[in-house]
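So the protein sequences, as listed, match chains A and B. The working numbering applies: residue 1 is where the first sequence begins, and numbers increase by one. The working numbering applies: residue 115 is where the second sequence begins, and numbers increase by one.
Not one of these hints is a red herring.
Straight-line alpha carbon distances no greater than 30 Å define the calculated DSS-like cross-link-like pairs of lysine-lysine that follow:
id: 1; chain 1: A; residue 1: K83; chain 2: B; residue 2: K117
id: 2; chain 1: B; residue 1: K117; chain 2: B; residue 2: K187
id: 3; chain 1: B; residue 1: K117; chain 2: A; residue 2: K78
id: 4; chain 1: B; residue 1: K130; chain 2: A; residue 2: K42
id: 5; chain 1: A; residue 1: K42; chain 2: B; residue 2: K184
If you are wondering where the hints come from, they were derived from the structure by calculation, not from laboratory data.
Read off the chains here:
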Amino acid sequence: EPEVTQTPSHQVTQMGQEVILRCVPISNHLYFYWYRQILGQKVEFLVSFYNNEISEKSEIFDDQFSVERPDGSNFTLKIRSTKLEDSAMYFCASSEPGGNQPQHFGDGTRLSIL
Amino acid sequence: AQKITQTQPGMFVQEKEAVTLDCTYDTSDPSYGLFWYKQPSSGEMIFLIYQGSYDQQNATEGRYSLNFQKARKSANLVISASQLGDSAMYFCAMRPHYNTDKLIFGTGTRLQVFP
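Input sequences plus hints: build the corresponding full structure.
Here it is, written out as structure tokens:
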């Protein structure tokens with residue numbers, strides 16, 4: 001069964017550094033998402049992406065964050081000047097068009113900021 | 115306010131028994147979708163089941179069914195014939211209207227299945 005692939009599974013970065021989290025969505029999906037889950041808390045929406053542009057973003061997704069689809073398969077989340085509070089599990093998801101289509105999640109990247 | 119509430123932080127069930135995980139939601143839009151996800155200890159998020167606000171029938175997927183009570187704004191997940199592998203966190207999520215892509219998640223319920 002096709003799946004969303006995320007790399008790396010764990011990223012450790014010094015505070016203030018930039019980090020890029022990578023995702024390969026399911027190949028026939030057109031909608032892509034990033035969510036984050038701070039340890040022990042609920043999953044929070046960050047951003048959705050469709051047709052090579054951001055379609056929606058949350059208040060969490062400020063100028064520190066950016067997303068990109070650099071080629072036909074990858075979808076990346078860049079976090080500039082990381083802060084301690086950016087430590088979380090980051091999930092990429094993708095879906096087919098349609099309000100009833102589930103978002104399929106990757107296994108997540110655990111980001112630890114030191 | 116758009117919100118998902120899961121009031122059970124933890125639930126225990128014996129193997130082979132059925133268990134109901136509660137979820138209530140709040141949205142003012144008539145067109146919305148409800149999802150349940152399973153998160154094992156390994157951390158991945160696994161889609162289980164979907165219910166649309168206009169669906170007349172309760173959704174079912176194998177051992178999972180959704181007890182959808184629209185007037186009460188509840189969408190409880192029922193797992194029948196529990197298995198040890200069902201032990202995990204379970205999240206209820208809502209797409210609060212069809213003009214948005216985002217899912218709003220509840221705080222989750224940790225289910226422990228014991229032999």
